[in-house]
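Chains as they are written, first to last, in my numbering: chain C, 1025 to 1116; chain U, 92 to 216.
Calculated directly from the structure, the hints in this document are not laboratory data.
Hints may contain errors.
Derived, one-sided and incomplete: chain U residues facing chain C with beta-carbon distance under 7 Å [unchecked claim]: (1) Lys173; (2) Trp178; (3) Gln192; (4) Cys196.
What follows is a set of in silico ranges between Cβ atoms, one per label pair, in the way DEER data are often shown [claimed, not checked]: (5) C:Met1041 - U:Tyr112: 41 to 47 Å; (6) U:Lys202 - C:Thr1108: 16 to 22 Å; (7) U:Tyr112 - C:Gly1092: 30 to 36 Å; (8) C:Gly1092 - U:Asp138: 28 to 34 Å; (9) U:Asp152 - C:Arg1027: 50 to 56 Å; (10) C:Pro1033 - U:Asn197: 31 to 37 Å; (11) U:Arg94 - C:Asp1083: 27 to 33 Å; (12) C:Pro1054 - U:Arg193: 31 to 37 Å; (13) C:Thr1108 - U:Arg162: 38 to 44 Å; (14) C:Gln1044 - U:Gly97: 26 to 32 Å.
In this text, a Cβ means the ideal position worked out from N, Cα and C, and glycines have one as well.
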Amino acid sequence: MSRSMKKGPYVDEKLYMKVQKQSDGGKHLPIKTWARACTIVPEFIGKTFQVYNGRTFVDVFCTEDMVGHKLGEFSPTRVFRGHTNKKEGLKS
Amino acid sequence: MPRIAGVDIPENKKILYSLQYVHGVGPATSKDILAKVGVDPDTRAKDLADHEVAGIAGEIDTNHVVEGALRRQVQQDIQRLKDTRCWRGERHRKGLPVRGQRTRCNARTRKGRKRTVAGKKGVKG
């Protein structure tokens, strides 16, 4: 079910504040974040985030096309390297 | 046979239903269009007066995206998802269900016909 319009998009407040601070201050370092559920808003365009995927921080550079998506959508949590070959057995 | 929105030629059916042969026009859109143009939904497509056909065609042309344009738009939307490297784009690329359905079994619409994996059954150790 989609989110109620009344509430507006979910934007992590701390993260939003950090982005604002960067826009004012001018420093453009990637922002480390765990807020995968945070919606990408227009203010995030041109910023780089390091979005945690449970193991590492994945660099996500926000473009215009990404607005409306969540940060987590760009930081995959699973790695699929193909099925194991039964004949050759498990490669160790 | 009236022609509406390019190549489509609906027939002996009531206009409410024959309009739905246009890609992008379903029951709701069809009803809306006819109400707006002021055509009785129960008239057969062949009995439509010329100005009624023109009115319907005009309404579709101005206010609705149908046929080729619609198909192109959908493709572009999918392409955009693929290009942004987001989760949904990846699912489209891999040909797996996009909206969180299970893939352990089923999901045959997206995955296509079953591909039998050799040695999955009976072979032990």
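Hints versus structure:
1. Lys173: violated, 11 Å
2. Trp178: holds, 4 Å
3. Gln192: At about 16 Å, which exceeds the 7 Å cut-off, the nearest Cβ of chain C leaves the hint on U:Gln192 violated.
4. Cys196: Violated. Min distance 15 Å.
5. C:Met1041 - U:Tyr112: 41 to 47 Å: violated, 54 Å
6. U:Lys202 - C:Thr1108: 16 to 22 Å: holds, 19 Å
7. U:Tyr112 - C:Gly1092: 30 to 36 Å: Given range 30 to 36 Å: holds, Cβ gap about 34 Å.
8. C:Gly1092 - U:Asp138: 28 to 34 Å: For U:Asp138 against C:Gly1092, whose Cβ atoms are near 46 Å apart, the range 28 to 34 Å is violated.
9. U:Asp152 - C:Arg1027: 50 to 56 Å: violated, 35 Å
10. C:Pro1033 - U:Asn197: 31 to 37 Å: Check passed, 33 Å falls within 31 to 37 Å.
11. U:Arg94 - C:Asp1083: 27 to 33 Å: With a Cβ separation near 53 Å, U:Arg94 and C:Asp1083 fall outside 27 to 33 Å, so the hint is violated.
12. C:Pro1054 - U:Arg193: 31 to 37 Å: holds, 35 Å
13. C:Thr1108 - U:Arg162: 38 to 44 Å: Holds, since C:Thr1108 and U:Arg162 (Cβ atoms, about 40 Å apart) stay within the stated range.
14. C:Gln1044 - U:Gly97: 26 to 32 Å: violated, 50 Å
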